[in-house]
Structure formats: structure tokens, C-alpha cells
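Colleague: Single-letter residue listing:
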Amino acid sequence: MKPYLRDKVPTTLSEIPDHTAYEAGYLVTKNAGWRNIRPVINLEKCVGCLQCYLYCPDGVISKEENKVRLDYDFCKGCGICKKMCHFDAIQMEVEK
Amino acid sequence: MAKEFLSGNEAFAYGIRLARPQVISAYPITPQTIVVEKLSEMVEDSSLQAEFIHVESEHSALSCAIGASAVGARAFTATSSQGLLYMAECLTYAAGGRFPIVMMNANRSTALPWNIYGDQRDSLSLLDCGWIQAYAENAQESLDLALMSYYIAEHKKVSTPFMANLDGFVLTHTYEVVEVPEAKQADLFLKPYVTENKLDLSYPKNLAFSVGPDHNTAFKFKEHLGILRAKEAIDEAEHKFNEIFGRQYTGLTESYHADDADYIIITLGSIAGLVRETVDKYREKGEKVGLLRIRYMRPFPNEEIAAVARNAKAIGILEKDISFGNEGTVYTNVNSALQKAGLSIPSSNFIGGLGGRNISEHEIESIFEELKNEKSTVSFLGIGGGEE
Chain A
859 MKPYLRDKVP
869 TTLSEIPDHT
879 AYEAGYLVTK
889 NAGWRNIRPV
899 INLEKCVGCL
909 QCYLYCPDGV
919 ISKEENKVRL
929 DYDFCKGCGI
939 CKKMCHFDAI
949 QMEVEK
Chain B
110 MAKEFLSGNE
120 AFAYGIRLAR
130 PQVISAYPIT
140 PQTIVVEKLS
150 EMVEDSSLQA
160 EFIHVESEHS
170 ALSCAIGASA
180 VGARAFTATS
190 SQGLLYMAEC
200 LTYAAGGRFP
210 IVMMNANRST
220 ALPWNIYGDQ
230 RDSLSLLDCG
240 WIQAYAENAQ
250 ESLDLALMSY
260 YIAEHKKVST
270 PFMANLDGFV
280 LTHTYEVVEV
290 PEAKQADLFL
300 KPYVTENKLD
310 LSYPKNLAFS
320 VGPDHNTAFK
330 FKEHLGILRA
340 KEAIDEAEHK
350 FNEIFGRQYT
360 GLTESYHADD
370 ADYIIITLGS
380 IAGLVRETVD
390 KYREKGEKVG
400 LLRIRYMRPF
410 PNEEIAAVAR
420 NAKAIGILEK
430 DISFGNEGTV
440 YTNVNSALQK
450 AGLSIPSSNF
460 IGGLGGRNIS
470 EHEIESIFEE
480 LKNEKSTVSF
490 LGIGGGEE
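Chains A and B are the protein sequences, given in the same order.
For what it's worth, the working numbering labels the leading residue of the first sequence as 859, then goes sequentially.
For what it's worth, the working numbering labels the leading residue of the second sequence as 110, then goes sequentially.
Honestly, the hints are just simulated from the structure, not real lab data.
Everything hinted at is true.
Straight-line C-alpha distance at most 27 Å; calculated DSS-like pairs for lysine-lysine: (1) Lys-314/B <-> Lys-934/A; (2) Lys-925/A <-> Lys-941/A; (3) Lys-331/B <-> Lys-866/A; (4) Lys-314/B <-> Lys-921/A; (5) Lys-266/B <-> Lys-866/A; (6) Lys-866/A <-> Lys-329/B.
Let the sequences and hints guide you as you build the complete structure.
Modeller: Dropping the structure here:
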């Protein structure tokens, strides 16, 4: 995943791929608009067990060194990661 | 080049063998069965090196071909009638994914009433799926089309799946002497499929993705351009084919005395043979009639139709199809070509051959006679027009 590609929005026809195939991360439509609460990770409590990574139904949690990172462009705020975390490292906070 | 006595189905299978597909996935259905039966024999006796995958349905047959194409393999499938309709969902996937799969469709009636005989309602009802659509007249053209189809479909500017249509039974099951090219010659004509549109561990990609409202139109426009550009690829393929095999085809249409004709029948598929003979009889009597055979419904031969219609007094469109509640779809398409060219001449629709009903020479003559009235009507051969 190359997050920088997300901001590369094609403006001309020649920038649109000829096939329905392209490098991952390109032509992304961000999809998190209906999230009411967001998971926030306490990195001091996170032990990197990856239960949240395994259970996230939208695949928005990725490994970063020994911890995890959340992709808020796609997180829908379901809270499954918080439920799965045995170390109380994830809190759900109300979106403002 | 060897001469063989082959049916349309067999001729197509011989052409496909020459094209060396790497994956064949198919489900049998009358009257397509023999083309895949023949290909499975070829794989069995190792005269064709391909994976032959027996699937459980037509939906799976095309899905499987899409999967094969998505890893860069040359893929083939074949079907007919209800089988084609069953794989309809996958047709748009193959086209939108720009996977240059080749499919032979044995044109057959659609249910109900249940009927296994030939008409063109199956493929014509799926004109809008994004596939190139070709219609063969005889077994030789079937073989040649099978070989040329991959050249056209895989052309860099095209990247579009190709549906080659053979009239069920009348063409798929009748035998003709067919020239079968040598494999060495065929290899000169058609190179192995090379594409970037595939799953490749060295160059990871997101394949067959979704695209939201912002860019969706652009993708569909490019898909449209792919088919439009097939016209050039068809010319290129036929030119090269003639250089190697010595048979020249004529692009999107084939004109038989149509260029100076007063009255023209436009039709497609195997019935063109009978129309050609009828044209000969009229020409012997000194009457200027002609035939324009549509070889490709997509891309549609707008210019070619306008060019012959320009000097005509009336044209008749003979087709084995009805778009219920309106008229034959070929007729609709032809009328659009006339309108875009600013031509206002009488054009009539003759719907015949449904469910395999024979179209007689007498009926072809009656079409030419009707055209002399220079009216625009829609009628069913053997029945007549709509409700009085």
C-alpha cells in the first residue's frame, strides 16, 4: 500500500489506466463518512499481538514495527478492534 | 495447407488449435457441443497443448476464462443460447476487465418455447456487453475467424473479448471442404499473448477493481474506444492473413453487387449464401439488386452501410431476431447508420428464421419484390406485419 497514491487524482483521460488494473492505492475513493466513533490506539499499552489486525473486517489495521496503525480513510468505527484487544490499548472516541 | 471435410464446429476447433490457447473452459450445449468435444480430443491426443477445464456451468466457463486471462493466458470458451444468457453477467466482467478472451457462440433460439435450432436472438440480445461480435457465413470463414479473432482481440489498441457467431446447425453441423493452414504458417500470423494486464508477482497490481462515479465514465469511454479501434485491427489482421494464407476478407461488411444496386438486402450469417444466389438470378435478368453482409455487429459498420445505401432506392434488413415490442435489432442499428449519414431512404425489416425456420429462396425473392414498393415496414416472413 502506498498511501501517497491516494492523493494522485487523475484529471485527464490519458491518466486513466487502459485496463481495469493499476498499482494498488491508486484511484481510491475514501470511504469512512459514516463513522461516528473512532478507535484510538494507546501505543504504550499495545503489545503488538495483532488480534485487532486479524479481526478488523475492513482491513484498515496494518503492522508498523512492533505495533499497529489505523487507516482512518476506511475505518467505519465498528469497534471490533476494541473488543478484541486484551490489553485495553484501544479506546473508542466520539467523532467531532 | 491441407484440405479437410469439416463441419462449422470442427473448422472452428481447427482454427482455435492453430491459435494455441493455453486454457479452454467450457460446458456443452447443443449445437455448440462439437467444437469443445473436438478441442478436448485435441488436448487428449496432445496435438493441442492446453489446460482443458470441465466446468459445471456456463457462468463458470467464462469466469474460468477470465481467471486464465487475468494471469496472462490465452483463453477460449464456447457456448450457445441459454448458456450464453447464463454467462451474461460475466460478459461485462470480461469486457470491462479488457480480457481478450475468444468465445464461439453457436447461434440458437432462446426459450420459451424451448427450441434447439438456430436463430440470432441469443447473441444479438447481448450486443451491449462490450464484446466484439462477428458472424461467419461458412466453415472456411469460421476457421479463419477463429485464428484472426485472437489477433484482433489481443491487439494493443483493442484488448477486448471476441464473440464469433456461427449459425446453429445450418453452419455448425453442415460439412464443407475447408483449407486448414499449417501450424508453422499460423505461428507466423499469430504471436503468443503478451500483456501487462495480468496478475504478476514482480509487478503487483490491483486487478478488476471498483471505480466510483468520478471516473467510471472514463473507463467506459476507454472500453468503447477499444471496440471502435477493433476496426483498424480487423483490417490489419485481414491484410496480414491474406499475405500468409492468400485469402482476403473484407472488414466489417462484405458487399456483393451492393455498390450499384437499387435494392439491397442487408443480412448476417449463413443465410447470406442464399441471398447471394438470388442476387445472381436477378442480375441475370438485368435487375440491379445486391447483398451487403454484415460480418461484424460490434464494432458496427456505420460507414460501410451508408456507403452502399447512398445510391440505393430501398434496403431490406433480413435478420433472425426480434426485439419484442419494437423491431429487429439489426434493423434499428442500420437505421441509425442511415440517419447519421443523413440518408432518408425506405428501409424495411424482414424477420425470419426464428427457431430454425427455413428461409426459402422464394422468400428472398419476395423481399426484393417488396423492396420495389419503396416503403418502410416491419414484417415476419411467413406471417406478415403487426396487428392490423
